[in-house]
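Colleague: Chain by chain, the residues:
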Amino acid sequence: MAGLTIDQVSKRFGDYDALSNVSIDVADGEFLAVLGPSGCGKTTLLRMVAGFEKVTDGRIVIGGQTMSSAEHSLPPEKRKVGIVFQNYALWPHMTVAENVGYSLKVAKVGRAERDRRVAEALSLVNLNSYGDRRPANLSGGQRQRVALARCLVSAPSLVLFDEPLANLDVHLRAAMEDEFADFHKRTGTTIVYITHDQAEAMALADRIAVMDKGKLAQLAPPRELYREPANEMVASFISQGIILPADVLTAAEAGHCRVRVLGQEVVVRCRPNERPRTGAKLCCRSPELEAVGPNEDGIAVAIKRVVYQGGRARVELSPVARPDLNLHIEQADPVTLEAGVEARVRIKTGWLIPEAGSAA
Amino acid sequence: MAVSISRVRDTSDFQVPAPVKRGLPSERILTGLVISIVVILSILPMLRLVQEILAPGGRLSIAAVEAGLSNPATWTATLNSLVVGFGGTILAVLFGTAVAILVSLTDVRGRSAFVLCFVTPLMIAPQVTALAWLQLFGPASPLLKLLGIAPPLGTRNPLYSAQGIILLLAVQYGPLVFLMVRAGLRKLPRELVEAGLAGGAGRWTVLRTIVLPLMTPSIIGASALVFVSCVGNFGIPAFLGIPANYLVLPTLIYQRLAGAGPSVLSEVAFLSLLIGAIAMAGIVAQDIISRRRDYRISTTSLPVEPFELGRYRPLAETIMWLIVCAILVLPLLGLFLTSLVPGYGIPLNLKTATLSNYSFVLFDHAAAKSAFLNSSVLSVTAAVFAVLVAVPLGYFIAWRMTWWTKILNLTVELPYALPGVVLAIAALLLFLKPIPVINLQIYNTVWIILYAYLARFMVLALRPTVSGFHQIDRSLEEAAQVAGAGFMMRLRTIIFPLIAPVAVAGGLLIFMTALSELTVSALLWSSGSETIGVVIFSFEQGGDSSYAAAISMMTVALTFLLMLASNFLAPHLPNGVLPWRD
Numbered sequence: 035m036a037g038l039t040i041d042q043v044s045k046r047f048g049d050y051d052a053l054s055n056v057s058i059d060v061a062d063g064e065f066l067a068v069l070g071p072s073g074c075g076k077t078t079l080l081r082m083v084a085g086f087e088k089v090t091d092g093r094i095v096i097g098g099q100t101m102s103s104a105e106h107s108l109p110p111e112k113r114k115v116g117i118v119f120q121n122y123a124l125w126p127h128m129t130v131a132e133n134v135g136y137s138l139k140v141a142k143v144g145r146a147e148r149d150r151r152v153a154e155a156l157s158l159v160n161l162n163s164y165g166d167r168r169p170a171n172l173s174g175g176q177r178q179r180v181a182l183a184r185c186l187v188s189a190p191s192l193v194l195f196d197e198p199l200a201n202l203d204v205h206l207r208a209a210m211e212d213e214f215a216d217f218h219k220r221t222g223t224t225i226v227y228i229t230h231d232q233a234e235a236m237a238l239a240d241r242i243a244v245m246d247k248g249k250l251a252q253l254a255p256p257r258e259l260y261r262e263p264a265n266e267m268v269a270s271f272i273s274q275g276i277i278l279p280a281d282v283l284t285a286a287e288a289g290h291c292r293v294r295v296l297g298q299e300v301v302v303r304c305r306p307n308e309r310p311r312t313g314a315k316l317c318c319r320s321p322e323l324e325a326v327g328p329n330e331d332g333i334a335v336a337i338k339r340v341v342y343q344g345g346r347a348r349v350e351l352s353p354v355a356r357p358d359l360n361l362h363i364e365q366a367d368p369v370t371l372e373a374g375v376e377a378r379v380r381i382k383t384g385w386l387i388p389e390a391g392s393a394a
Numbered sequence: 005m006a007v008s009i010s011r012v013r014d015t016s017d018f019q020v021p022a023p024v025k026r027g028l029p030s031e032r033i034l035t036g037l038v039i040s041i042v043v044i045l046s047i048l049p050m051l052r053l054v055q056e057i058l059a060p061g062g063r064l065s066i067a068a069v070e071a072g073l074s075n076p077a078t079w080t081a082t083l084n085s086l087v088v089g090f091g092g093t094i095l096a097v098l099f100g101t102a103v104a105i106l107v108s109l110t111d112v113r114g115r116s117a118f119v120l121c122f123v124t125p126l127m128i129a130p131q132v133t134a135l136a137w138l139q140l141f142g143p144a145s146p147l148l149k150l151l152g153i154a155p156p157l158g159t160r161n162p163l164y165s166a167q168g169i170i171l172l173l174a175v176q177y178g179p180l181v182f183l184m185v186r187a188g189l190r191k192l193p194r195e196l197v198e199a200g201l202a203g204g205a206g207r208w209t210v211l212r213t214i215v216l217p218l219m220t221p222s223i224i225g226a227s228a229l230v231f232v233s234c235v236g237n238f239g240i241p242a243f244l245g246i247p248a249n250y251l252v253l254p255t256l257i258y259q260r261l262a263g264a265g266p267s268v269l270s271e272v273a274f275l276s277l278l279i280g281a282i283a284m285a286g287i288v289a290q291d292i293i294s295r296r297r298d299y300r301i302s303t304t305s306l307p308v309e310p311f312e313l314g315r316y317r318p319l320a321e322t323i324m325w326l327i328v329c330a331i332l333v334l335p336l337l338g339l340f341l342t343s344l345v346p347g348y349g350i351p352l353n354l355k356t357a358t359l360s361n362y363s364f365v366l367f368d369h370a371a372a373k374s375a376f377l378n379s380s381v382l383s384v385t386a387a388v389f390a391v392l393v394a395v396p397l398g399y400f401i402a403w404r405m406t407w408w409t410k411i412l413n414l415t416v417e418l419p420y421a422l423p424g425v426v427l428a429i430a431a432l433l434l435f436l437k438p439i440p441v442i443n444l445q446i447y448n449t450v451w452i453i454l455y456a457y458l459a460r461f462m463v464l465a466l467r468p469t470v471s472g473f474h475q476i477d478r479s480l481e482e483a484a485q486v487a488g489a490g491f492m493m494r495l496r497t498i499i500f501p502l503i504a505p506v507a508v509a510g511g512l513l514i515f516m517t518a519l520s521e522l523t524v525s526a527l528l529w530s531s532g533s534e535t536i537g538v539v540i541f542s543f544e545q546g547g548d549s550s551y552a553a554a555i556s557m558m559t560v561a562l563t564f565l566l567m568l569a570s571n572f573l574a575p576h577l578p579n580g581v582l583p584w585r586d
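Read top to bottom, the protein sequences are chains A and B.
For the first sequence, the residue numbers in our numbering are 35 to 394.
For the second sequence, the residue numbers in our numbering are 5 to 586.
SDA-like cross-link-like pairs, simulated, lysine to any residue; straight-line CA separation at most 25 Å: (1) A/Lys88 <-> B/Leu34; (2) A/Lys139 <-> B/Asp477; (3) A/Lys139 <-> B/Gly488; (4) A/Lys112 <-> B/Trp403; (5) A/Lys382 <-> A/Leu283.
Source of the hints: derived by calculation from the structure; they are not laboratory data.
Make the full structure from the sequences, and use the hints.
Modeller: Have a look at this one:
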């Protein structure tokens with residue numbers, strides 16, 4: 035077992051900064067998801083941890099041993115990490131058992147011992163009788179399980195998952211998610227899991243590192259990421275948060291403060307060090323907005339689009355005073371709102387996004 | 005970020021790792037080895053050639069250039085080279101493109117069989133093609149005699165002319181154009197054609213305004229390749245031009261060297277550079293033309309739905325098979341019949357037909373006997389060596405994209421892109437004197453031919469190997485790396501097994517090409533190191549067409565057998581590696 039420390043790591047390709055100054059500490063046995071839009075640098079990060087890419091700056095430490103630094107990089111074959119690849123990367127010219135046993139053969143483990151451990155690994159992923167098959171004769175989910183068995187046969191201290199579910203269809207994903215969670219619980223291995231799927235990350239991870247344009251945007255448990263995003267990027271990226279301009283009117287007290295947003299005064303959640311300021315940003319989730327009657331307290335909005343989603347509708351709207359802002363709420367059946375009309379919406383509460391550069 | 009507690013704890017239950025082994029990793033040794041091989045095979049001969057022209061004997065001088073320029077024979081041969089080069093290219097492009105369109109865009113039947121037959125001339129050595137056609141049309145033609153329409157003995161064979169050379173170049177390289185245009189047509193998305201039809205254009209209009217313009221890159225690329233092949237071709241102008249005293253640059257070089265020996269090396273080096281320059285001009289022109297307009301096809305989609313020919317279909321199919329008859333069946337029949345004739349001009353019938361020509365070249369003629377051995381050993385060695393080098397070389401080129409791998413790739417292409425005569429002269433210059441330091445003399449031995457074959461044909465194994473690597477998922481290697489396998493282990497257990505079918509197919513192409521190769525060996529052979537190509541050539545020059553035909557028939561038969569055998573590899577190969585597989 036081993037923890038992973040990514041210490042101020044940067045990666046430049048030519049004059050393009052793929053990663054700048056990323057620091058992440060993964061505790062022993064932790065399940066960390068790295069989440070971000072494509073091109074955010076998450077795959078580069080994984081490839082550097084695995085040793086396929088060298089770091090331009092910074093250090094990568096696995097289990098107390100420095101694996102990568104600007105001066106020295108231990109090749110992947112000496113790092114003893116496991117990887118589950120997006121496309122499984124099973125060797126087509128070997129049987130399932132040969133695929134799984136490859137790393138043991140490389141390590142010159144004896145025949146009998148090897149067979150025993152291969153059988154053990156295959157039974158862990160419920161593929162006991164598949165040893166003699168060729169990867170080409172397996173379904174997508176079975177291939178993914180072989181990849182998992184191949185990875186765990188050598189009992190690596192750190193396992194990297196590179197978007198392992200991206201190539202599977204939806205119902206298979208849920209089953210494999212369970213399998214991964216189970217695998218983590220059983221082995222207690224440290225896991226770094228790369229994905230662009232928020233639901234997957236939230237379902238599996240102890241903590242999520244959100245990456246954006248080569249930088250670490252926020253590193254937090256899933257709940258905190260949703261409720262207390264550290265910046266605008268995370269706020270809007272996670273579950274499509276609504277960002278609204280606000281002025282802070284009072285200092286924080288017991289984790290709340292009073293703000294003025296779109297002419298309405300609201301008490302919102304905030305960090306304890308907030309002081310009154312202007313030009314702040316508020317993050318609202320759609321359940322934190324509600325449609326109100328014409329004479330009630332609220333903001334006048336114009337409804338732009340109503341998308342019925344079965345049992346409820348997603349209603350997209352803009353404040354009449356600020357047509358450049360986009361808000362959305364959900365309305366359960368019976369859906370009464372329709373596109374083109376005006377309505378009133380009240381902001382119940384929200385999260386005050388901390389000022390850029392302020393300490394946590 | 006602070007040092008985590010977990011990290012401190014980890015150190016205790018994690019062994020202190022052994023220091024990383026220093027010294028040369030196997031990967032670096034192999035990289036060095038592969039690069040040195042490329043330098044020795046590709047860069048060294050070219051440098052030597054340039055040196056000979058600019059500074060023969062180590063001193064800067066343009067005497068060789070002046071001598072070459074002032075000789076009228078140079079100009080005649082250059083002009084002739086351009087005439088057959090352009091003539092052959094135009095004819096081959098028209099022929100190949102028309103057939104490609106017929107086969108790819110219409111609903112003719114028996115396509116695979118036709119493609120196999122149509123592409124076969126490409127696999128037959130040019131001098132064998134030339135010999136076969138000569139036997140078909142000459143006054144001694146057994147076929148014409150059988151039909152009773154042979155011209156009287158002493159009549160000049162109509163193929164001994166510039167037109168004859170151009171015709172045979174088109175037959176030889178038409179299939180090359182066919183393959184490239186057909187590959188292009190297969191990538192043509194059907195929507196582009198259907199959009200044209202939906203817009204109200206007729207079939208011919210669509211062909212003229214949409215299909216052909218989009219095929220421009222394929223056609224231009226094929227033209228450049230065929231032009232280079234035509235100006236560099238030695239076999240066809242040697243068999244058809246020398247008797248008519250119609251000399252092109254490669255045959256002029258051959259005659260000068262055969263007549264005066266190594267003393268004229270500087271002069272022929274200039275001539276060979278002249279061919280090289282003409283060939284390069286063709287490639288550069290292609291590059292300029294294809295940059296002028298954007299022909300890129302952005303979408304990928306299903307190929308175009310074949311156009312129904314309706315009642316014209318039987319006609320189209322008849323034409324197709326008549327073409328096969330004309331370019332493959334009849335010449336080979338002519339060759340076969342000649343190989344059965346007991347002597348020049350003797351009419352062939354069941355009584356006179358004999359296999360003695362075969363037994364003579366197989367068992368009695370010393371040079372022919374040794375030629376079979378030499379050519380077999382040369383082509384097997386060249387094929388095996390090329391495959392062994394192509395796998396690591398292709399690996400670096402395809403999967404380790406850096407600035408030097410691109411240069412490496414271009415470098416390997418060079419000896420094949422340039423006409424074979426150029427390489428042969430370069431090899432002569434390089435090895436005329438014993439190799440310094442080890443004092444080894446390979447001039448006048450079979451080794452100099454092997455060197456030239458390795459340099460020239462390496463790319464035939466490299467190209468399919470590189471495209472094979474591009475089709476293999478790189479993560480297959482990375483998975484092995486993560487499993488702890490070092491470079492040599494990965495090469496042996498993962499990379500080689502995955503790439504082997506493609507590399508072996510490349511090796512097969514080399515074997516087939518090298519077996520009856522003539523251009524290079526005609527300039528490099530010596531007594532005892534004859535090749536099959538050389539022996540066919542000398543028999544024909546000495547008037548022993550029947551012996552030449554017998555040997556040619558055997559090489560053609562072997563080529564067919566290998567093409568058949570290659571079918572076993574086919575399921576493991578990406579499209580287009582075996583040109584005759586549709």
